[in-house]
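Knowing the structure of chain A, use the given hints to seat chain B on it.
There are 2 protein chains.
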Amino acid sequence: MRNITEHNITDAVIGRFENCADPRLKEVLTSLVRHLHGFVRETGLTEAEWMQGIEFLTATGHITDAKRQEFILLSDTLGVSMLTVAQNHSKPAGATEATVFGPFHVASAPCFDNGADISGGAPGAPLFVDCTIRGSDGAGVADATVDVWQCDQDGFYDVQYKDNDAHRARGVLHSDAHGRLRFRSVLPVAYPIPTDGPVGQLLVATGRHPWRPAHVHFKIQAPGFETLITHVFRAGDPYLDSDVVFGVRASLIADFVAHSAGTGPHAREIEGRYHTLAFAFVLQPG
Amino acid sequence: MRNITEHNITDAVIGRFENCADPRLKEVLTSLVRHLHGFVRETGLTEAEWMQGIEFLTATGHITDAKRQEFILLSDTLGVSMLTVAQNHSKPAGATEATVFGPFHVASAPCFDNGADISGGAPGAPLFVDCTIRGSDGAGVADATVDVWQCDQDGFYDVQYKDNDAHRARGVLHSDAHGRLRFRSVLPVAYPIPTDGPVGQLLVATGRHPWRPAHVHFKIQAPGFETLITHVFRAGDPYLDSDVVFGVRASLIADFVAHSAGTGPHAREIEGRYHTLAFAFVLQPG
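Same order as they appear, the protein sequences are chains A and B. Residues are numbered in our numbering as their position in the first sequence, beginning at 1, plus a constant of 100. Residues are numbered in our numbering as their position in the second sequence, beginning at 1, plus a constant of 100.
Pulled out of the complex, with its shape left as it was, chain A reads as follows (with noise of 0.2 Å):
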């Protein structure tokens, strides 16, 4: 083809995939240009707007590094994160719900015993974790493998803290043999997501606050199961309505109990406020 115009160009993209060996590829391609066309179109985009998106991509790459995901960031907040989730998980009822991976998940995080602390010196007042995993026959899930990450007390995950390598309130633990699994960590917070790179500048200039309310992840896996990658949400909280990258199922919001200084859960004594959260997860078969 060789005249192209606005009529006939997306056509002519779409007839250049004819070759593609890969059919999946070749029908996400499809759908990906067709979408973009029509956003194109629809809008009568201009040149100088098609720049800013360019600089916008450019200025998203640039700040993306081994300890930040802006990429991520900028499709939790526009809703694609979780809208992949929600259609790749229509739980049945009972199983517990997934929600969004986020950008904070470490691969390398250390693995600790049933019952340890995971907190590694996080600043926080002390969380204690009592959770079951099971079946949805109602069987605990013995041996799960559970990575466990969260903010501690100002906000903030190990990885935002400049010149900070150790890993805080993150970890590895495996339930026991009645699919039980207790850990301590600290007191997770509402907090925003990082705004001094292109996706908060893109939630200011929307009029957008940055919040998340405050959760820990979880990501359980264990064989004979589906994974599931989700948050425990805490209860009360004032941005559970309006969580900047949509991840909230009120399914799992839960109560982190406060408790007055004594005697904790762990048997030892605790100076201070502590909290506790019990939370029952239900695995689908996969």
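Please keep in mind that the hints were generated in silico from the structure rather than gathered at the bench. Please note that the accuracy of each hint is not assured.
Intra- or inter-copy, both count: the list cannot distinguish identical chains.
[Claimed, not checked] The list that follows gives simulated cross-link-like pairs (lysine to aspartate or glutamate, EDC-like), each with its CA atoms no further than 20 Å apart: (1) K191 / E106; (2) K126 / E147; (3) K319 / E149; (4) K319 / E147; (5) K126 / E142.
For chain B alone, coordinates are given in the frame of chain A:
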């Protein structure tokens, strides 16, 4: 909204733009979110595919620097650039058509006198360009600012050579009082766009060739006229019907006439073959 699902999330995201003070930004983002979500739903995008997308964008950002713009290359190869150009420049009959800007323009190119050799030593057979710049009334446009950039005989732009900071085969010139502009450069050839990055990998994965037909880029600015960003393509090039960035318009194809060694158009003796190109640009009032 507390309970986000795959069915209500698009409205939830768009609802977050309700306080956006810039109505055009709101319009553009609303359309973007509808189309992105439409793409995710239509394809039933999986989480693994979503992560491939995140990794693709990350790699695209990381290879982009001051000399290489992989996001523009991505936009070009998906036809997004040409669609944007085409819908913003539906020219009246007779006006020169626009095409893609491409990733190889340099803002700081050197200025040359009308008639100069802009090759800067770039390898290639001599090319003598003689063009006119007129308004739609036929009158020559005096003192138009004309950016020219092109590849050399090996298909590379100056900025693609590692450790080369010299400007070659690019420059800024001005038309004379009659709207005439002449310069010497080198004969451009068909070339593959850079294939050592994510965009090249995508072309391979989809069975597409990476070639652009031979061309010279022009950006022409003059007071009272719409800026024209275009190419002149070389007639007879085998890639005129399959330009990887969809930039060809039939009206932009011209003969690059081959001549035997002898007295060239600048009344100097040329050793070996040389080429001449004549082209008449017609600017729109703007």
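To see whether the hints hold, each was checked on the structure:
1. K191 / E106: between (43 Å within a copy, 12 Å between copies)
2. K126 / E147: Answer is between: at 18 Å across copies they meet the 20 Å cutoff, but 28 Å inside does not.
3. K319 / E149: between (39 Å within a copy, 19 Å between copies)
4. K319 / E147: Classified as between; 14 Å across copies, 43 Å inside a copy.
5. K126 / E142: Classified as between: cross-chain Cα gap 13 Å, same-chain 24 Å, threshold 20 Å.
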